[in-house]
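**Q** The primary structure of each chain is shown beneath.
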Amino acid sequence: MAYEYLPNNLLFDRIKSHKHNTATISQLIALGKEAYTKGVFDISISYFQDVLKLCNKGDEDWAFQATSGIAKCYTIQGDYRLAAKYFYQAISIAENVPEKAIKLANNYTNLSVIWNLLGDRQRSLDYLAKAEVFAIAEKDSTALGNIINKRGNILLYSDTTRAFQQYTKALRISEACSDLTTTAMATANLAYIHIVTNNFAEARTKLNRFGMLYQHKSFDTFHKLSMQYTYGLYSYLLHDYNVAENAWLNAVKQAEAINAPLYQVKPMEGLSLLYAQTGQYDKAYYYQQLHDSMNSNIVNEDKVKAVSALESKYQLVQKEKLLALNQLKVAEQNASLFKQNIIITACVLAAFMLVLFYIIIRRNIKRKLIIQQKQALVLSKQKELELIKNVMAGEERERKRMAFELHDSIGSMLSMAKLNLSVVRDQFTHQTEEDNFSELLSLIDRTSHAVRSTAHNLMPEILLQGGLDEGLQIYCDKMSKAKGIAVKYQCYGQAINMDIEKEKMLFRVLQETLMLIAAYTKATQLSLQLNWQTDLLFVTIDSNNAPELATALTDDEIKEWELLQQRIKAADGILYTESLVNQNTTFDLEFSF
Amino acid sequence: MPTNNSDMKPIIKVAITDDHPLVINGIEKVLTSYPYFKLTGAYDNGDALLAGLEIQAPDVLLLDIQMPGISGEELAKIIHKTHPKVAILALTGFDTPVYVRSMMQHGCKGYLLKNIDQKILIEAIETVYRGEQYIEASLKEELINNMLKLKTSRPSTLPDLTTREKDVLLLIVEEYTSAEIATKLFLGKRTVEKYRLQLLQKLQVKNTAGLVKIALKMGLLND
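Just so you know, the protein sequences line up as chains A and B, in that order. Just so you know, we're using our numbering here: the first sequence kicks off at 1 and counts up by one. Just so you know, we're using our numbering here: the second sequence kicks off at 1 and counts up by one.
Just so you know, these hints were derived from the structure itself, not from any lab. Bear in mind the structure is a predicted one, so any value in this text is a computation, not a measurement. Fair warning: there could be bad hints in the mix.
[To be verified] Calculated cross-link-like contacts (lysine-lysine; reagent style BS3-like; alpha-carbon spacing at most 30 Å):
id, chain 1, residue 1, chain 2, residue 2
1, A, LYS478, B, LYS119
2, B, LYS77, A, LYS559
3, B, LYS184, A, LYS483
4, B, LYS85, A, LYS483
5, B, LYS13, A, LYS488
6, A, LYS502, B, LYS189
7, B, LYS189, A, LYS488
8, B, LYS166, A, LYS569
9, A, LYS381, B, LYS77
10, A, LYS569, B, LYS189
11, A, LYS478, B, LYS166
12, A, LYS488, B, LYS119
13, A, LYS488, B, LYS166
14, B, LYS184, A, LYS488
15, B, LYS189, A, LYS374
16, B, LYS77, A, LYS400
17, A, LYS481, B, LYS140
18, A, LYS100, A, LYS57
19, B, LYS140, B, LYS166
20, B, LYS119, A, LYS481
21, A, LYS488, B, LYS140
Chain A on its own, in the form it takes in the complex (with noise of 0.2 Å):
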């Protein structure tokens, strides 16, 4: 019951179990001042110190607060050590936050009510002294009155004069500056002293005006019961019985309303005193029963609200621990799903890495194979090549031995054949005879120009003097002649330097090529054709006649293909055309430089 105006456990679960929020401190801060308010103090000082948890550096305004705050709730429950202890810690903090100088004006002020309280009447003058450099500093006239007013009380049981003239001054003050709280408190005072010194006309005067203070709507419920107390006191003091029974008989009324025992409980021993005082017995028994009973149930409620607030505490400190617990659960589960991630992860990228170090290194492997392969390849074929080359060098060689043997012996041996039976012949004196000489000359002469032409065709540099178009102009005529083929030579573009070698090589194949292309179209004409460019030579060769395409090609003839075609590749040349147009046959040969 006394707790319905606590925020639902589910909101104060909420609030307790959250993380450093500007919004929830604030609100926390708020929830402390409504409990403190209700007069709920342990819930309020819980409050103030959850917000003291959260408060981070930056947070001195919220934290000075929340410390003046339990200072506040220790006070009034009467607890002044550590009420002292959380002024002085809300001292400390004042340092760092704005406005500093009235919240130490407020502080000291409360510091020097608890020494007071304690009985150190000298040092709560020296914190009010303190409180009220700062008030005059700031000119906050209406902290200045408080201060003023609180001084009164420290010295109204010490020096009632000081006493007076400081609650008169606090009254000047507050009208000045409409502290309706300090004038009210001020002119209760005031009415209090004139009743001590017997001045009962200006006390009624005072309490009077306090009367019409303490009912303005400005005060809340419980501050205005607790100041109607104090009017139906003074009136009391004042032997105005009615009005004092009038006061107190509506406090006990308003607080039975709100259910707030508390503030039954002093009009009724109010009104226990009164009514024995007018003789009213019954009343007077009847209230104190009351006061009694109502006392007793405070105590009781108390210790409950006590205990309930323990309990809660305790319920709420369960919470926070099965929370933490669970939040440790998560964090642990969240770790240990973490680590299984990392490790997941981690073996999932070294497989990923092993599978491809794996394909990029078997890739490699590959590509080292096949180009090892691709070079063996290269190598065999240069290997070809060269043997090729060997062996036309060596051909060559042994063609050139024949063709001096040719030329220059059996040629010779014919020539001079010849010279001595042309000597013979003049001796003949008939035609008959002199003919038949004759032809065995010709004969003779025919034979000698074929072995030349032999020895000519065996060894190429004889017709390479002049070059190699001179020499291949040569060599078609000699064909043209010997062969009966007609072959007609052409050279276009300029000759590309080369050693007599290659020369040789060049002739030599060309000189088979158009010796196969001869006899494997069965030509009657045949045109060499020869395109000198940068780096290439375009030879065409065109024969006037196709090859039977029935007829199958001997393995011979097979291998004389096969051969030609090595020897021009050992020349750095490629026969990569054979078209058939009609009656006619062209080959294309290519040979770079």
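We have chain A already, so just place chain B on it with the hints.
**A** This is chain B only, laid out in the frame that chain A set:
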């Protein structure tokens, strides 16, 4: 064959240089049957010849081209310089025009093939003795033919195109691309490009427009 020099022809001193004894013997046998030829020396290499000329220089020297040591061309050059009065007659088995031109350019007066009969030999010796030049008739004809052919192989007139070249030129003129020509003629694209180059070179034009012009000139488009 005369047996005496009753015509009182001047005596012609002849020397022979050949690395084949058979040739020397054969020529010697022929010359000795003529009274107005006197064989002054027979040498089988260039050094011996040069040394012999210092002792006795002939009127006519029969010189082989292909000998060990100094070649016939070099010897002709030296002798022409040192013994300008000696008429050198090249006697060789090489019938290629290049040799003929070379020997004549090096100072030879005449060029003979070895497989001649005695009449031609005698005629040649007598001709060069007289200070005239002598080239055997068949060789002369071949030389002239060779010169003509060399000239015509670099024509100033339009050259002959092969059948394939004509086919490619026609298609170029008809605005076919190389790829299309290749497809049409069942050739590779590279072959067609090669023909294009050959045509540009052969017809001595710079580009396709030039080819069209030539084609018109050749009357190809009218075919």
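**Q** Please go over all the hints and tell whether each is borne out by the structure.
**A** Verification of the supplied hints:
{"no.": "1", "hint": "A:LYS478 x B:LYS119", "verdict": "holds (27 Å)"}
{"no.": "2", "hint": "B:LYS77 x A:LYS559", "verdict": "violated (49 Å)"}
{"no.": "3", "hint": "B:LYS184 x A:LYS483", "verdict": "violated (35 Å)"}
{"no.": "4", "hint": "B:LYS85 x A:LYS483", "verdict": "violated (44 Å)"}
{"no.": "5", "hint": "B:LYS13 x A:LYS488", "verdict": "violated (46 Å)"}
{"no.": "6", "hint": "A:LYS502 x B:LYS189", "verdict": "holds (29 Å)"}
{"no.": "7", "hint": "B:LYS189 x A:LYS488", "verdict": "holds (27 Å)"}
{"no.": "8", "hint": "B:LYS166 x A:LYS569", "verdict": "holds (29 Å)"}
{"no.": "9", "hint": "A:LYS381 x B:LYS77", "verdict": "violated (48 Å)"}
{"no.": "10", "hint": "A:LYS569 x B:LYS189", "verdict": "holds (21 Å)"}
{"no.": "11", "hint": "A:LYS478 x B:LYS166", "verdict": "holds (28 Å)"}
{"no.": "12", "hint": "A:LYS488 x B:LYS119", "verdict": "violated (36 Å)"}
{"no.": "13", "hint": "A:LYS488 x B:LYS166", "verdict": "holds (17 Å)"}
{"no.": "14", "hint": "B:LYS184 x A:LYS488", "verdict": "holds (28 Å)"}
{"no.": "15", "hint": "B:LYS189 x A:LYS374", "verdict": "holds (27 Å)"}
{"no.": "16", "hint": "B:LYS77 x A:LYS400", "verdict": "holds (27 Å)"}
{"no.": "17", "hint": "A:LYS481 x B:LYS140", "verdict": "holds (17 Å)"}
{"no.": "18", "hint": "A:LYS100 x A:LYS57", "verdict": "holds (17 Å)"}
{"no.": "19", "hint": "B:LYS140 x B:LYS166", "verdict": "violated (37 Å)"}
{"no.": "20", "hint": "B:LYS119 x A:LYS481", "verdict": "holds (26 Å)"}
{"no.": "21", "hint": "A:LYS488 x B:LYS140", "verdict": "holds (21 Å)"}
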